[in-house]
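Let the sequences and hints guide you as you build the complete structure.
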Amino acid sequence: MRAPRGVLLASSLVTSVALVAGCGVLPGLPDAVPEDIAPTAGPSLVAHGRENLSPDGFDAVQRMAVRIRNVGCAGLSTGSGFAIDEHTLITNRHVVADSEVLQVSTYDGRDIEVTAASTAGLADLAVVRTDDPLPTYPQLADADPATGDPVTVVGYPEGGALTVTQGEVIGRTTDPLNENLGEVLVTDAPVEPGSSGSAALDEAGRVIGVVYAKTSDGRSLLIPLSTVEQLLADADAFAALPPCS
Amino acid sequence: MSQASQPPAWQPPPGAIPPPAVPAPAPARPRARRRGSRAPVVVLTLLLAAAVGVGAYLWLTTVRWQEDSALWEDRAREQAAEVVALRAELDGVNAELVAAREQLATATGRITELADEKAQLGDETVAAQRYLDYQTRVTEAAGVVATALGQCTEAQSQLIGYLENREAYDPADLERFAGDVQALCDQANRANEQLQQELRR
Numbered sequence: 001m002r003a004p005r006g007v008l009l010a011s012s013l014v015t016s017v018a019l020v021a022g023c024g025v026l027p028g029l030p031d032a033v034p035e036d037i038a039p040t041a042g043p044s045l046v047a048h049g050r051e052n053l054s055p056d057g058f059d060a061v062q063r064m065a066v067r068i069r070n071v072g073c074a075g076l077s078t079g080s081g082f083a084i085d086e087h088t089l090i091t092n093r094h095v096v097a098d099s100e101v102l103q104v105s106t107y108d109g110r111d112i113e114v115t116a117a118s119t120a121g122l123a124d125l126a127v128v129r130t131d132d133p134l135p136t137y138p139q140l141a142d143a144d145p146a147t148g149d150p151v152t153v154v155g156y157p158e159g160g161a162l163t164v165t166q167g168e169v170i171g172r173t174t175d176p177l178n179e180n181l182g183e184v185l186v187t188d189a190p191v192e193p194g195s196s197g198s199a200a201l202d203e204a205g206r207v208i209g210v211v212y213a214k215t216s217d218g219r220s221l222l223i224p225l226s227t228v229e230q231l232l233a234d235a236d237a238f239a240a241l242p243p244c245s
Numbered sequence: 001m002s003q004a005s006q007p008p009a010w011q012p013p014p015g016a017i018p019p020p021a022v023p024a025p026a027p028a029r030p031r032a033r034r035r036g037s038r039a040p041v042v043v044l045t046l047l048l049a050a051a052v053g054v055g056a057y058l059w060l061t062t063v064r065w066q067e068d069s070a071l072w073e074d075r076a077r078e079q080a081a082e083v084v085a086l087r088a089e090l091d092g093v094n095a096e097l098v099a100a101r102e103q104l105a106t107a108t109g110r111i112t113e114l115a116d117e118k119a120q121l122g123d124e125t126v127a128a129q130r131y132l133d134y135q136t137r138v139t140e141a142a143g144v145v146a147t148a149l150g151q152c153t154e155a156q157s158q159l160i161g162y163l164e165n166r167e168a169y170d171p172a173d174l175e176r177f178a179g180d181v182q183a184l185c186d187q188a189n190r191a192n193e194q195l196q197q198e199l200r201r
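So the sequences go chain by chain: Z and H.
Start counting the first sequence at 1; every next residue gets the next number (our numbering).
Start counting the second sequence at 1; every next residue gets the next number (our numbering).
In case anyone wonders, no lab produced these hints; they're calculated from the structure.
The reader is advised that the hints may include incorrect statements.
What the hints assert, rightly or not - Derived list of chain Z stretches under chain H, where covered just means 3 residues or more per stretch with a C-beta under 8 Å from a C-beta of chain H:
#	region
1	69-77
2	154-161
3	224-232
Fair warning: this is a prediction, and the values are worked out from it, not measured in the lab.
Each residue gets a CB set at the ideal place from its N, CA and C atoms; glycine is no exception.
Below, the structure written as structure tokens:
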């Protein structure tokens with residue numbers, strides 16, 4: 001009598017186990033297909049070349065540069081300059097010297113009214129104040145550049161079209177023109193007469209110096225940022241531009 | 001042939017104590033056999049029922065998965081069609097973007113050129129104005145010189161006439177007039193020198 005019951009129980013047990021195990025192995029019913037299978041969070045779009053975007057297609061490097069026409073008693077000359085705030089330009093002393101009238105124009109040909117100009121005695125630097133607001137102005141770098149650092153010069157060589165040239169800092173030297181106190185920077189960025197007063201920028205577009213001369217072997221000389229900042233911080237460093245005679 | 005006969009049933013001997021009544025043993029073998037034969041039937045029945053259930057479930061699952069698969073395929077095809085349309089649209093937009101960038105580059109280049117042309121024209125205007133101012137100064141100076149030289153010449157002619165008839169005039173007056181004429185001519189000479197200086201600039 002024991003054996004049949006055992007068989008029955010074992011069979012029932014095996015069947016139950018098989019059913020339970022089989023239910024675990026069997027595939028479940030599919031979920032309902034959603035109406036909208038698009039992901040709730042779309043891909044994030046990042047604009048490339050955003051640094052070059054501007055209201056009119058010109059980048060900040062070009063928008064801050066100005067062309068300076070010096071209508072003097074002795075004749076006509078041109079130079080370059082750049083904005084450091086909404087109404088202030090930096091250029092060279094020799095660009096504005098002996099002027100009867102200073103005429104400033106922007107990258108897009110707009111004329112900017114000049115209200116005053118002053119020159120530094122210890123460096124070939126000048127500050128020009130404008131009545132009209134300037135398009136944009138760059139930041140100043142944290143420190144002078146090191147040898148080998150890239151440099152960008154933006155200005156109006158030969159009084160021509162706005163030009164951007166590239167190069168790198170070659171080193172430092174004493175000023176061969178004896179126009180500036182301390183050392184000046186030497187770069188291989190191409191400049192021409194008329195580039196005087198151009199801004200020299202680092203890779204981030206920050207000012208690292210001001211072009212003031214060109215050597216006989218084609219290198220450009222910069223007034224370093226430290227000198228510029230030192231003079232700008234000294235209220236007595238600049239004197240009003242004397243009228244031409 | 002002898003016929004087989006059954007032995008007579010056992011009977012207790014007379015006078016013997018009859019053994020106690022014992023129930024007859026149950027026929028165990030046939031009952032075990034019936035239970036033993038039922039077990040496989042039950043198991044098989046259970047297995048059959050389970051198989052039928054599983055089969056039904058699998059059929060239902062298959063049908064549902066087929067429907068689900070068809071729906072997913074429809075969705076996939078809709079999305080693929082949308083992707084194709086969006087890709088075509090993106091290609092068009094990219095082409096427009098490239099064209100717009102080219103146009104922007106051309107426009108900014110043209111603006112730079114125009115700004116340069118304006119600056120050059122401004123330089124030329126200033127230079128022309130300066131030249132015009134110079135010409136005006138030279139012309140004015142030449143006029144002054146011409147006027148002064150004319151007055152000088154006229155005065156000198158008048159002085160010559162007076163000197164030819166000097167008896168008729170007071171010598172002191174003649175001396176004073178000669179001095180005036182000399183001053184007038186000196187002024188003319190200075191104006192002429194200024195003109196020459198202006199012309200040499």
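Tested hints:
no.	hint	result
1	69-77	holds (count 4)
2	154-161	holds (count 4)
3	224-232	violated (count 0)
Consistency with the previously given hints fails for number 3 only.
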